Amino acid sequence: MAQRILEPGEIETLASRDVPRIILPDTGSLFATRAARLRSLAAHSAIGGYLQLLAALADAQQALLEELTPQQREALQDHARAQQSSAAASAGMPLRPANTLHLDGRWRDWLRTLCQHCADEAGLPAETRQELQRVAAADDAWLDAQAHAVLERDDAPSVDAVAALLVMNALQVYWAVLADSFRPTDLKPLADAPGLCPLCGTLPVASMVQARPPYASYRYLSCSLCACQWHYVRVQCSQCGAAGKDIAYRALADVDGDSGEVVRESAVRAETCDHCHSYRKILYLEKDPQLDPVADDLGTLALDILLGEEGYARASQNPLLWQADGD
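The numbering of the sequence shown is my numbering, which starts it at 1 and goes up by one.
The set of hints was computed from the structure by calculation and includes no laboratory data. As the structure is a prediction and not an experimental result, all values here were calculated from the model. There's no promise every hint is true.
Stated by the list, open to error - With a straight-line cut-off of 16 Å between C-alpha atoms, the simulated EDC-like cross-links for lysine to aspartate or glutamate are:
id: 1; residue 1: Lys245; residue 2: Asp274
id: 2; residue 1: Lys287; residue 2: Glu309
id: 3; residue 1: Lys188; residue 2: Asp18
Work the whole structure out from these sequences, hints included.
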(Lines of atoms letter the chains of each structure in order from A; the text may use other names.)
(Lines give C-alpha, C1' and ligand atoms only; values in the text may rest on other atoms or scores of the structure.)
Protein backbone atom coordinates (compact mmCIF):
# COMPACT_ATOMS: atom_id res chain seq x y z
CA MET A 1 0.00 0.00 0.00
CA ALA A 2 1.37 3.44 -0.94
CA GLN A 3 2.31 5.70 1.92
CA ARG A 4 1.58 9.39 2.22
CA ILE A 5 4.54 11.74 1.95
CA LEU A 6 5.12 13.64 5.17
CA GLU A 7 4.34 17.35 5.14
CA PRO A 8 6.75 19.98 6.55
CA GLY A 9 6.72 19.88 10.33
CA GLU A 10 5.37 16.35 10.54
CA ILE A 11 8.83 14.82 10.79
CA GLU A 12 9.55 16.85 13.93
CA THR A 13 6.19 15.80 15.37
CA LEU A 14 6.97 12.14 14.72
CA ALA A 15 10.34 12.50 16.44
CA SER A 16 8.70 13.76 19.61
CA ARG A 17 6.42 10.73 19.95
CA ASP A 18 7.21 7.57 21.84
CA VAL A 19 8.73 5.85 18.82
CA PRO A 20 10.37 2.41 19.00
CA ARG A 21 14.03 3.26 19.50
CA ILE A 22 15.74 -0.03 18.68
CA ILE A 23 15.35 -2.77 16.07
CA LEU A 24 17.48 -5.82 16.81
CA PRO A 25 18.65 -8.07 13.97
CA ASP A 26 16.74 -11.23 13.12
CA THR A 27 19.69 -13.59 13.27
CA GLY A 28 17.56 -16.43 11.95
CA SER A 29 17.59 -14.84 8.49
CA LEU A 30 20.00 -11.87 8.63
CA PHE A 31 22.79 -13.21 6.45
CA ALA A 32 20.60 -15.43 4.25
CA THR A 33 18.54 -12.37 3.32
CA ARG A 34 21.72 -10.42 2.59
CA ALA A 35 23.06 -13.24 0.41
CA ALA A 36 19.87 -13.24 -1.66
CA ARG A 37 20.03 -9.47 -2.11
CA LEU A 38 23.71 -9.57 -3.10
CA ARG A 39 22.95 -12.16 -5.78
CA SER A 40 20.06 -10.09 -7.08
CA LEU A 41 22.27 -7.01 -7.35
CA ALA A 42 25.14 -8.99 -8.89
CA ALA A 43 23.07 -9.84 -11.95
CA HIS A 44 23.15 -6.21 -13.13
CA SER A 45 26.34 -4.89 -11.53
CA ALA A 46 29.76 -4.02 -12.91
CA ILE A 47 31.18 -5.69 -9.78
CA GLY A 48 28.93 -8.73 -10.08
CA GLY A 49 31.73 -11.22 -9.48
CA TYR A 50 32.65 -9.55 -6.20
CA LEU A 51 29.03 -9.42 -5.07
CA GLN A 52 28.71 -13.14 -5.82
CA LEU A 53 31.74 -13.80 -3.59
CA LEU A 54 30.16 -11.73 -0.82
CA ALA A 55 26.93 -13.70 -1.24
CA ALA A 56 28.86 -16.94 -0.71
CA LEU A 57 30.39 -15.44 2.43
CA ALA A 58 26.95 -14.40 3.68
CA ASP A 59 25.68 -17.95 3.14
CA ALA A 60 28.59 -19.21 5.23
CA GLN A 61 27.83 -16.62 7.93
CA GLN A 62 24.25 -17.86 8.17
CA ALA A 63 25.43 -21.47 8.33
CA LEU A 64 27.79 -20.62 11.19
CA LEU A 65 24.93 -19.07 13.16
CA GLU A 66 22.64 -22.01 12.55
CA GLU A 67 25.28 -24.54 13.62
CA LEU A 68 25.80 -22.92 17.02
CA THR A 69 24.14 -24.77 19.88
CA PRO A 70 22.24 -22.82 22.55
CA GLN A 71 25.04 -23.68 24.97
CA GLN A 72 27.70 -22.25 22.64
CA ARG A 73 25.70 -19.06 22.16
CA GLU A 74 25.22 -18.65 25.89
CA ALA A 75 28.93 -19.22 26.58
CA LEU A 76 29.89 -16.49 24.13
CA GLN A 77 27.31 -14.11 25.56
CA ASP A 78 28.44 -14.84 29.12
CA HIS A 79 32.04 -14.13 28.11
CA ALA A 80 31.00 -10.68 26.90
CA ARG A 81 28.58 -10.03 29.76
CA ALA A 82 31.33 -10.61 32.32
CA GLN A 83 33.24 -7.67 30.84
CA GLN A 84 30.34 -5.20 31.01
CA SER A 85 30.75 -2.31 33.38
CA SER A 86 27.85 -2.04 35.82
CA ALA A 87 27.63 1.66 34.95
CA ALA A 88 27.76 1.24 31.16
CA ALA A 89 24.02 1.51 30.51
CA SER A 90 23.38 4.40 32.88
CA ALA A 91 26.46 6.22 31.59
CA GLY A 92 25.23 6.06 28.01
CA MET A 93 27.98 3.73 26.82
CA PRO A 94 27.77 0.86 24.29
CA LEU A 95 27.09 -2.39 26.12
CA ARG A 96 29.30 -4.57 23.88
CA PRO A 97 31.91 -2.05 22.67
CA ALA A 98 33.79 -3.12 19.56
CA ASN A 99 36.85 -1.06 20.44
CA THR A 100 37.54 -2.68 23.82
CA LEU A 101 35.70 -6.02 24.16
CA HIS A 102 38.07 -8.96 24.69
CA LEU A 103 37.26 -11.51 21.99
CA ASP A 104 36.69 -15.19 22.59
CA GLY A 105 39.13 -17.11 20.39
CA ARG A 106 36.43 -19.03 18.55
CA TRP A 107 35.98 -16.09 16.18
CA ARG A 108 39.21 -17.24 14.49
CA ASP A 109 37.72 -20.70 13.93
CA TRP A 110 34.77 -19.03 12.24
CA LEU A 111 37.07 -16.97 10.03
CA ARG A 112 38.90 -20.11 8.87
CA THR A 113 35.58 -21.81 8.18
CA LEU A 114 34.50 -18.83 6.08
CA CYS A 115 37.77 -18.99 4.13
CA GLN A 116 37.33 -22.69 3.43
CA HIS A 117 33.72 -22.25 2.38
CA CYS A 118 34.63 -19.60 -0.19
CA ALA A 119 37.74 -21.45 -1.39
CA ASP A 120 35.45 -24.36 -2.30
CA GLU A 121 33.30 -22.16 -4.55
CA ALA A 122 33.29 -23.32 -8.16
CA GLY A 123 34.79 -20.92 -10.68
CA LEU A 124 36.76 -18.94 -8.10
CA PRO A 125 39.90 -17.35 -9.63
CA ALA A 126 43.10 -19.10 -8.56
CA GLU A 127 44.54 -15.86 -7.15
CA THR A 128 41.49 -15.33 -4.94
CA ARG A 129 41.65 -18.92 -3.70
CA GLN A 130 45.33 -18.45 -2.80
CA GLU A 131 44.52 -15.31 -0.83
CA LEU A 132 41.81 -17.14 1.10
CA GLN A 133 44.25 -19.92 1.92
CA ARG A 134 46.86 -17.38 3.01
CA VAL A 135 44.50 -15.77 5.52
CA ALA A 136 43.23 -19.13 6.80
CA ALA A 137 46.82 -20.29 7.40
CA ALA A 138 47.83 -17.15 9.31
CA ASP A 139 48.73 -17.55 12.97
CA ASP A 140 46.39 -16.47 15.76
CA ALA A 141 48.45 -13.43 16.76
CA TRP A 142 48.35 -11.99 13.24
CA LEU A 143 44.61 -12.57 12.96
CA ASP A 144 44.02 -10.93 16.34
CA ALA A 145 46.04 -7.93 15.19
CA GLN A 146 43.95 -7.69 12.03
CA ALA A 147 40.78 -7.83 14.13
CA HIS A 148 42.10 -4.89 16.13
CA ALA A 149 42.74 -3.02 12.87
CA VAL A 150 39.23 -3.73 11.58
CA LEU A 151 37.70 -2.62 14.89
CA GLU A 152 39.92 0.51 14.87
CA ARG A 153 41.53 -0.19 18.20
CA ASP A 154 44.51 1.74 19.52
CA ASP A 155 47.96 0.63 18.34
CA ALA A 156 46.48 -1.62 15.63
CA PRO A 157 48.66 -2.50 12.63
CA SER A 158 47.98 -1.53 9.03
CA VAL A 159 44.95 -3.29 7.63
CA ASP A 160 45.37 -6.15 5.18
CA ALA A 161 42.55 -5.55 2.69
CA VAL A 162 41.86 -9.24 1.97
CA ALA A 163 42.07 -10.26 5.61
CA ALA A 164 39.90 -7.31 6.65
CA LEU A 165 36.98 -8.52 4.55
CA LEU A 166 37.15 -12.01 6.06
CA VAL A 167 37.79 -10.78 9.60
CA MET A 168 34.79 -8.45 9.37
CA ASN A 169 32.57 -11.30 8.19
CA ALA A 170 33.60 -13.41 11.19
CA LEU A 171 33.14 -10.51 13.60
CA GLN A 172 29.69 -9.76 12.20
CA VAL A 173 28.70 -13.29 13.20
CA TYR A 174 30.29 -12.77 16.62
CA TRP A 175 28.36 -9.56 17.34
CA ALA A 176 25.14 -10.97 15.90
CA VAL A 177 25.34 -13.67 18.58
CA LEU A 178 25.91 -10.99 21.21
CA ALA A 179 22.95 -8.97 19.93
CA ASP A 180 20.75 -12.04 20.42
CA SER A 181 21.14 -11.72 24.20
CA PHE A 182 19.31 -8.37 24.31
CA ARG A 183 15.74 -7.15 24.10
CA PRO A 184 14.98 -3.86 22.34
CA THR A 185 14.13 -2.29 25.70
CA ASP A 186 17.63 -3.07 26.99
CA LEU A 187 19.13 -0.51 24.61
CA LYS A 188 18.58 3.12 23.71
CA PRO A 189 20.36 5.59 21.41
CA LEU A 190 23.46 7.14 22.96
CA ALA A 191 22.65 10.67 24.14
CA ASP A 192 26.20 11.96 23.71
CA ALA A 193 26.90 10.08 20.47
CA PRO A 194 23.59 9.46 18.68
CA GLY A 195 25.39 8.53 15.47
CA LEU A 196 27.06 5.48 17.04
CA CYS A 197 25.52 2.07 17.61
CA PRO A 198 24.20 1.75 21.18
CA LEU A 199 25.15 -1.92 21.28
CA CYS A 200 28.72 -1.92 19.92
CA GLY A 201 29.63 1.73 19.32
CA THR A 202 30.31 1.24 15.61
CA LEU A 203 29.39 3.71 12.87
CA PRO A 204 26.35 2.93 10.70
CA VAL A 205 26.79 1.83 7.11
CA ALA A 206 23.52 3.49 6.04
CA SER A 207 20.11 4.50 7.32
CA MET A 208 16.71 3.02 6.51
CA VAL A 209 13.22 4.51 6.49
CA GLN A 210 11.05 1.64 7.65
CA ALA A 211 7.76 0.64 6.04
CA ARG A 212 6.21 -1.87 8.44
CA PRO A 213 4.44 -1.06 11.72
CA PRO A 214 5.31 -0.05 14.36
CA TYR A 215 8.39 1.45 12.69
CA ALA A 216 6.76 2.85 9.53
CA SER A 217 8.02 6.31 8.42
CA TYR A 218 10.75 6.40 11.07
CA ARG A 219 14.41 6.50 10.09
CA TYR A 220 16.90 4.10 11.69
CA LEU A 221 20.67 3.98 11.40
CA SER A 222 21.97 0.50 10.63
CA CYS A 223 25.16 -0.75 12.31
CA SER A 224 27.84 -2.10 9.99
CA LEU A 225 29.01 -4.63 12.60
CA CYS A 226 26.15 -6.02 14.72
CA ALA A 227 23.24 -5.02 12.40
CA CYS A 228 21.39 -3.30 15.26
CA GLN A 229 19.22 -0.37 14.10
CA TRP A 230 18.50 2.70 16.20
CA HIS A 231 16.15 5.62 15.69
CA TYR A 232 17.56 8.86 14.31
CA VAL A 233 15.44 11.86 13.35
CA ARG A 234 15.01 12.44 9.61
CA VAL A 235 16.46 15.39 7.67
CA GLN A 236 19.43 15.60 10.01
CA CYS A 237 23.05 14.72 9.27
CA SER A 238 23.95 11.48 11.02
CA GLN A 239 27.60 12.50 11.01
CA CYS A 240 27.64 16.03 12.48
CA GLY A 241 24.01 16.63 13.51
CA ALA A 242 23.37 19.59 11.20
CA ALA A 243 19.82 19.98 9.91
CA GLY A 244 17.59 22.18 7.79
CA LYS A 245 19.08 23.93 4.77
CA ASP A 246 22.38 22.04 5.03
CA ILE A 247 20.69 18.74 4.16
CA ALA A 248 19.89 17.60 0.63
CA TYR A 249 19.20 14.31 -1.14
CA ARG A 250 20.76 12.87 -4.28
CA ALA A 251 19.88 9.74 -6.21
CA LEU A 252 20.52 7.91 -9.45
CA ALA A 253 17.20 7.67 -11.26
CA ASP A 254 16.14 5.15 -13.91
CA VAL A 255 15.70 7.24 -17.07
CA ASP A 256 13.90 6.27 -20.27
CA GLY A 257 16.44 6.28 -23.09
CA ASP A 258 14.01 7.77 -25.62
CA SER A 259 12.05 10.34 -23.64
CA GLY A 260 14.65 11.20 -21.02
CA GLU A 261 11.94 11.01 -18.37
CA VAL A 262 12.45 9.40 -14.99
CA VAL A 263 10.92 5.92 -15.08
CA ARG A 264 11.31 5.01 -11.43
CA GLU A 265 12.47 7.00 -8.44
CA SER A 266 15.41 5.37 -6.71
CA ALA A 267 14.85 3.59 -3.40
CA VAL A 268 18.42 4.48 -2.41
CA ARG A 269 19.48 8.10 -1.97
CA ALA A 270 22.42 9.90 -0.46
CA GLU A 271 21.74 12.33 2.37
CA THR A 272 24.35 15.06 1.88
CA CYS A 273 25.40 17.66 4.41
CA ASP A 274 26.84 21.02 3.38
CA HIS A 275 28.00 21.68 6.93
CA CYS A 276 30.50 18.80 7.19
CA HIS A 277 30.53 17.92 3.45
CA SER A 278 29.83 14.26 4.11
CA TYR A 279 27.03 11.92 3.10
CA ARG A 280 25.50 8.61 4.04
CA LYS A 281 23.04 6.51 2.02
CA ILE A 282 19.39 6.38 3.07
CA LEU A 283 17.18 3.47 1.96
CA TYR A 284 13.39 3.67 1.60
CA LEU A 285 11.79 0.31 2.30
CA GLU A 286 8.35 1.41 1.12
CA LYS A 287 9.88 1.68 -2.37
CA ASP A 288 11.65 -1.70 -2.17
CA PRO A 289 11.15 -4.02 0.83
CA GLN A 290 14.11 -6.20 -0.27
CA LEU A 291 16.70 -3.51 0.46
CA ASP A 292 19.68 -4.44 2.62
CA PRO A 293 21.87 -1.64 4.06
CA VAL A 294 25.19 -3.37 3.38
CA ALA A 295 24.31 -4.91 0.01
CA ASP A 296 22.51 -1.89 -1.46
CA ASP A 297 25.23 0.48 -0.36
CA LEU A 298 27.60 -1.63 -2.49
CA GLY A 299 25.02 -1.79 -5.26
CA THR A 300 25.00 2.00 -5.67
CA LEU A 301 28.72 2.74 -6.02
CA ALA A 302 27.96 4.94 -9.03
CA LEU A 303 26.30 7.35 -6.60
CA ASP A 304 29.48 7.40 -4.51
CA ILE A 305 31.51 8.30 -7.60
CA LEU A 306 29.13 11.14 -8.45
CA LEU A 307 29.23 12.59 -4.94
CA GLY A 308 33.00 12.23 -4.72
CA GLU A 309 33.33 14.31 -7.88
CA GLU A 310 31.19 16.97 -6.20
CA GLY A 311 33.44 17.14 -3.14
CA TYR A 312 31.45 15.06 -0.65
CA ALA A 313 33.11 12.36 1.47
CA ARG A 314 31.56 9.18 2.80
CA ALA A 315 30.70 9.45 6.48
CA SER A 316 31.70 5.80 6.98
CA GLN A 317 32.88 2.92 4.85
CA ASN A 318 31.11 -0.22 3.80
CA PRO A 319 32.16 -3.14 6.04
CA LEU A 320 32.60 -5.41 3.01
CA LEU A 321 34.75 -3.09 0.89
CA TRP A 322 38.31 -2.53 2.07
CA GLN A 323 41.48 -0.93 0.79
CA ALA A 324 44.95 -1.37 2.21
CA ASP A 325 46.06 1.55 4.39
CA GLY A 326 47.55 4.28 2.22
CA ASP A 327 45.61 3.33 -0.94
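Now for the hints, and whether the structure bears them out:
1. The hinted pair formed by Lys245 and Asp274 meets the criterion: a straight-line CA distance of about 8 Å does not exceed 16 Å.
2. About 27 Å separates the Cα atoms of Lys287 and Glu309, which puts this hinted pair outside 16 Å; it is violated.
3. Among the hinted pairs, Lys188 with Asp18 is consistent with the structure: their alpha-carbon atoms are about 12 Å apart, no more than 16 Å.
Of the hints listed earlier, the one the structure fails to meet is number 2.
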